[in-house]
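> Residue numbers (my numbering), protein chains in the order written: chain A, 562 to 1104; chain B, 815 to 1400; chain C, 498 to 857.
Source of the hints: derived by calculation from the structure; they are not laboratory data.
Predicted model, so just to flag it, every value in this text is computed and none were measured.
Hints are supplied without guarantee of correctness; some may be wrong.
As the list claims (entries may be wrong) - The calculated DSS-like cross-link candidates involving lysine-lysine, where the alpha carbons are at most 27 Å apart (straight line), are:
{"no.": "1", "chain 1": "A", "residue 1": "K602", "chain 2": "A", "residue 2": "K571"}
{"no.": "2", "chain 1": "A", "residue 1": "K1036", "chain 2": "A", "residue 2": "K662"}
{"no.": "3", "chain 1": "A", "residue 1": "K957", "chain 2": "A", "residue 2": "K1036"}
{"no.": "4", "chain 1": "B", "residue 1": "K1349", "chain 2": "C", "residue 2": "K531"}
{"no.": "5", "chain 1": "A", "residue 1": "K1084", "chain 2": "A", "residue 2": "K778"}
{"no.": "6", "chain 1": "A", "residue 1": "K778", "chain 2": "A", "residue 2": "K840"}
{"no.": "7", "chain 1": "C", "residue 1": "K531", "chain 2": "C", "residue 2": "K513"}
{"no.": "8", "chain 1": "A", "residue 1": "K1036", "chain 2": "C", "residue 2": "K690"}
{"no.": "9", "chain 1": "B", "residue 1": "K1275", "chain 2": "B", "residue 2": "K1349"}
{"no.": "10", "chain 1": "B", "residue 1": "K1349", "chain 2": "C", "residue 2": "K631"}
{"no.": "11", "chain 1": "A", "residue 1": "K610", "chain 2": "A", "residue 2": "K957"}
{"no.": "12", "chain 1": "A", "residue 1": "K662", "chain 2": "A", "residue 2": "K957"}
{"no.": "13", "chain 1": "B", "residue 1": "K1150", "chain 2": "C", "residue 2": "K513"}
{"no.": "14", "chain 1": "B", "residue 1": "K1150", "chain 2": "A", "residue 2": "K602"}
{"no.": "15", "chain 1": "A", "residue 1": "K1042", "chain 2": "C", "residue 2": "K690"}
{"no.": "16", "chain 1": "A", "residue 1": "K610", "chain 2": "C", "residue 2": "K725"}
{"no.": "17", "chain 1": "A", "residue 1": "K1036", "chain 2": "A", "residue 2": "K602"}
{"no.": "18", "chain 1": "A", "residue 1": "K610", "chain 2": "A", "residue 2": "K662"}
{"no.": "19", "chain 1": "A", "residue 1": "K823", "chain 2": "A", "residue 2": "K840"}
{"no.": "20", "chain 1": "A", "residue 1": "K571", "chain 2": "B", "residue 2": "K1349"}
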Amino acid sequence: MSNPLADMEKPDVIFCIGTNMTECHPVAATRLKRALARGAKMIVADPRKIGLAEIADIHLPIRVGSDVSLLLAMAHVIAREGLVNQAFIDERTAHGEDFMKHVESYTPEWASGICECDPEDIEQAALLYGGADRGAIYYTVGVTEHICGVDNVQSLCNLALMTGNLGREGTGVNPMRGQNNIQGAGDAGALPNNYPGFQAVTDPAHQEKFRRAYGRKVDLETGMTKVTALDLCGDGIHAMIIDGENTLVTDPDRHHCEHALKSLDCLVVIDIFMTETAKVADVVFPATAWAETDGVCTNTERRVQRLRAAVPPPGEAKPDWWILTQLARRMGWQGFDFGSAREVFNELCALSPLYNGLDWDRIDLGEYQWPVPTRDHPGTPRLHEERFENGRGIFKMLEYRDPEETVSDEFPMWLTTGRRLPQYHTRTQTGRSSGIDYLLAEETLEVHPDDIARLGLEDGGWAEMSNPRGCLHVKVRATAKSPRGTVFASFAFEDVPVNVLTGGGYDPVTQTAALKACPVALKPVGPPPALGQTGGDIGLGRL
Amino acid sequence: MTDQGATHDRSARRMTDQEILARWNEEPGPLLPVLHAFHARDGYLSEDAIRAVSQGLRIPLADLYGTITFYHHFARVPGGLDCPRVCTGPVCVQEGALGLLRELAPEGATGMPCSGRCDDPVPVLRGHLTLAGRSAAELVARPAPLPPPALDGAAECVFRTIREPGHATLPGYRRDGGYEGLACAVREMTPTQVIEAIDRSGLAGRGGAGFPTGRKWRAVAEADGTPKSIVCNADEGEPGCFKDRALMDYDPHAVIEGMIASGYATGAHRGFIYLRYEYPETEDILAEAIREAEDAGILGPSVMGSGFAFDLHIRRGAGAYICGEETSLLNSMEGKHPFPRNRPPFPVTHGFEDLPTVVNNVETLASVPHILALGAEWYAGLGMNGHAGTKVISLSGDILRPGNYEVPMGFPLERLLYDWAGGPSEGRTIQAVTMAGLSGGFLAGDDLFVTLDEPAIRARKSFLGAGGIMVFDDSRDMVEVAHAAMEFFAHESCGKCFPCRIGTQRLTERLAGEAGPDAVVAWVDEVADIGYTMKETSACGLGTAAPLITESLMRYFPEAVSRHVTARGALPMAGRGSGGPHGTEP
Amino acid sequence: MSTNGTGPTIVLDGEKVAFTPGETVYEAATRHGKDIPTLCYDPRLEPFGGCRLCVVEVEGARAPVASCTARCQAGMEVRTRSARVEVHRRTLMEMLASENREVDVDELTSLASQEMTELVDRYEARTGRFQGRKSGASRPDDPNPFIMRDYDNCISCYRCVRVCAEQEGDYAISVKGRGFDTQITVEFDGHLKESACTFCGQCVHTCPTGALGDLKALAHREVPGDTKKTRTVCPYCGVGCSVDLLTRGNQLIGVHPAMDGPANLGALCVKGQFAFDFVQHPDRLAHPLVRGEDGELHEAGWDEALDRAAEGFLRVRERYGRHAVYGVASGRAPHEAAYTMQKFIRGGFGTNHIDNCSRA
């Protein structure tokens, strides 16, 4: 996030897009609700009538994957109505003039034909955001998990740049990170293009810095993404080590994943449970879990916080860093002499300019948000206050693109996927926590009542959902939360493995999978033969 | 535009959910009118209706549900609205209300706290109709009584012209000099001059608090924030008080005129009459008067051609004594849970919708036209012994001629009781009277010779308040009277602050003989300790006033208290069981 | 603690102390070390003024004033522990003790559950005075596995209702009825699951009497040993809420929200609050596993497993080159895991074939 969580209570106008925050980031959402109670206005763009939409002033039920068209039209209205922040554009951005020209033809009426929202609502939303003194944008993977994920994010940046809603309290373009340390994994350098601290691997100076630190030269070429690696399994990639990810279930196109992992010569998995992915591994290492592990994580607002162990791990489980260190030593490598998490973290701090001012002891109370470049630096709750990291904020001239696959006569419904409040991801943890199943014990497909009637389905009955990649059976629930033409299911339940269907392309820049827009066909089917023992060949039943 | 009449408008009976919501959605304080419209249409508030209101007005469902349950009169079962509600106030209980309640039980009758007709018992609400009578056979719909004629040629203010035929209509009101004061004010006086006149008159809040009206208006005039509001507190919930009902029924234009003048003086362009639920006929009368005033250009965009705009709305309560407390009233109008607010800030700066607001009692506002027409000095001179103006006393109970009497401030209570109202019935003596309805507790013995002004009454550890006086003759069991009074306070305690919520309950139980020590000394200690803490720490007037009942009971009737405590255990107190005469919610 | 500054001051128990404009008497007094009792106060919420235990004497005021709602005014003279207010506090505590089924509740009930007990003891209020009807009706019929609704022990402070509205923004619970019959409820008196409740547990942990309880923690009340607290960060989404882990011996028995957690200020969601026991679930992997000749995974010692893994990587590197190996780090494990993984790939194989799970 460009701005701290505390800023979420400060905007005049909140624009949430592609974020089901009340279910996926409930505690962050409480801050937005406090802003609303204070009198802030909220625009929510989401195909579904999610919890945030219920409390929004304007809900824009966009068709899945049409974000760019909406955002271009909003920019059009803001430009047309003179709601731009010219001083900000002049001082801190580039190509502003070109952008204003670029959006001239993208009227709300034009966008309406693509995103299927009322042009008047688009107009009002633009006026609201454009007229705000403090406008803040929040988004999650509803924006990024599309073939145009980068375009979507850049479209949001365009809006913020043209209105000067960056670098101030209660503003910003704020992605909400979905996993406890997904930010930290990037910070720590687990990326194909960056060393720790987002230092580009293509920069020879960085190469030299890490050569000295690690005692060997690392390629100047960017590595491949996991998506590419999975595509190349057995054909270029022959060994893989996976830590704490149930790749088989969470990645798109499950059949492809399963095939990929099985074609490796060597698959090593580190995890805390026997996941579907661990089951196909050659070696499985038992890791210590949360509450058993000392360590560090970084949250969505770049706050660096301590994790502390409170109980001993089961049996011989060990911290991930210890396992990797031992493995490296067996490989005969130098530089893996860590004796504690503290030593690992302090090495990271020494090598990352974002963490240079930090060490294990200094983060004890969690008061620092990176960058913390030096020891005397107070941390950076808000980015871009004075300037942008790379000079000027650059307007991007974007065009709307259709998703790679679109609905057709054969596959007439959009499937979009996501999470539900009580369950987390594939339920490896929440499914093993007592009581959670009381709140949510099975997956259902949310279908608009009109579609239920049109497709001959039945509320509470079963449907077969299919596309060329796969097919599954799922219980149907009638709800106007889903718009007509779009259905929703979470990927939490093993017996409704929606990722056998997803996989219609990737963003060309980030290779983020398009998990949010997937054409499917639906038809009624009878209930499964033995309810409660579903799972069959693809899984293990309910975890 | 204004929105009169729709709260129990029969036309609402044909409206859809969406039409009702659309009708009120853009109005200030829409919740109560919307609930009343659903209530009137369906005869109760169904779960579906509550869900529709929750969605339509964007009020969280649980909040809305909780708030609805706070009010006595919203029926939650089909047909509930039309089930009779029988007044079981202190006077009506003496006049046979419990028998009537039993008689009407087959029709689903329930009790309700004093509904402000102690001068014509026993009132029964059936839907939106008020009937009165001491038995089912006697029940008849009739207008509530006019104030009895003034005696001894006493000079009156608010009752000066009220008895003239047709006075409640605009032509009648104008015939009697109505709206002349306002015309003079909006055409010839500055707002400041109006406030100065009210200052000079010595007019003070007649709802009980006695705050100088001119000072209140000035505070609102000087406060920042618009729109400002004038709120007429017509939630006359105090048992034994029925003066505001008489004023609104027979002189509605005086209230309207007073509100417009207050608006002019303070810069407020909107007014609200918060009317208690139990006066449905009064709502019709007010609505008609407002329509007349609008048609005549007295209300609306240019009051009497002056260019000053003023609109008036009625908001009907739903049965909660605490809503007579001004901050609860404001919360109620805003659709919030009607707990009293913490003060400061006061309504003069943070009132309706957190904006500057005058909250004045009906009698206070009805006095204003007379002051404007006849002069501040005239009004100030109406009082006795250096007190300014007059006070309407609602007199009821064991007295020959109950009714509303307008007395000069400082008038001897004894003269009111005996000379004006005829004293007790033949062969009886007056044992005690209540003050401030019930809130002032009892006066008895030598203290019955008090004069009717705050300093004199406060010196006797009571207060005049809104001016309700109930009379109890020597046939009455004062412990039982005290129990009924405390039960009322327990029934009406909002539940926000601990001393009142628990204290009213514990005192009720002790007066009922249901709980508490068997030894007199210990009993008195407990009751005194509870009362002391309630008086000193309760958050609003209900909790600080309720212990005056037990305090005065123990002061004037120690032997009755001893007998009551000693009898406990040996003689279970029949008829003083829990549940109470107000019964379950309809 | 006196002040020599030029800011406004009040006289607090005879001592001149500074206050910041807008500060309540309670806040100023607490900041200056006074221990004023209260049961309806939660620093995260708007002052309510319900319990009246925080009343103080203010010079010139007719009656004691509630310090939680009264703002400081320059020159105000405040007495926080005068005999007069202490008498009222004791009476109020006796009254409270009289309306509940019990005063003593298990400390595992919730974070704030001992507040009333402590005040009853501080004011020696176990006198048995003011007996009468009990208030509140418990809801043992609510089958939810997380939140005990034992309203027999409710004192109507409405902290639960207010925290749900003001802190959580869910408005799931409210106050039904009035006076002594007040009852905490959801719409139409149903179960929490059928309401807007999200089971964040905030109501539980602000409840000062144990009327609301953490059923998951209470299930461990028989576990022997002292309860220990360890501060850490929730393992689920990226908000990074601070929590305190409750342990007895080697057993994880519950989670408390951390009121001073920088990201959450005490707020949590259902997962962070209640979904913790996966950690000590019997399904946990406790030993390394190695795929055997039979194609099945078998338990193995660390040496064997590490050797097997190392051999596998070395063999692939030998046969296909160093670019044939790929590392996937976890967004769920700490920095040390991700850092060591990337070092393993970069420092070991010299490639950038490393990624984390953020792309799916």
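> All hints are to be evaluated individually against the structure, with a verdict given for each.
Evaluation of the provided hints:
no.	hint	in the structure
1	A:K602 / A:K571	11 Å, holds
2	A:K1036 / A:K662	49 Å, violated
3	A:K957 / A:K1036	43 Å, violated
4	B:K1349 / C:K531	25 Å, holds
5	A:K1084 / A:K778	56 Å, violated
6	A:K778 / A:K840	35 Å, violated
7	C:K531 / C:K513	13 Å, holds
8	A:K1036 / C:K690	21 Å, holds
9	B:K1275 / B:K1349	12 Å, holds
10	B:K1349 / C:K631	23 Å, holds
11	A:K610 / A:K957	30 Å, violated
12	A:K662 / A:K957	12 Å, holds
13	B:K1150 / C:K513	40 Å, violated
14	B:K1150 / A:K602	21 Å, holds
15	A:K1042 / C:K690	19 Å, holds
16	A:K610 / C:K725	43 Å, violated
17	A:K1036 / A:K602	37 Å, violated
18	A:K610 / A:K662	34 Å, violated
19	A:K823 / A:K840	10 Å, holds
20	A:K571 / B:K1349	42 Å, violated
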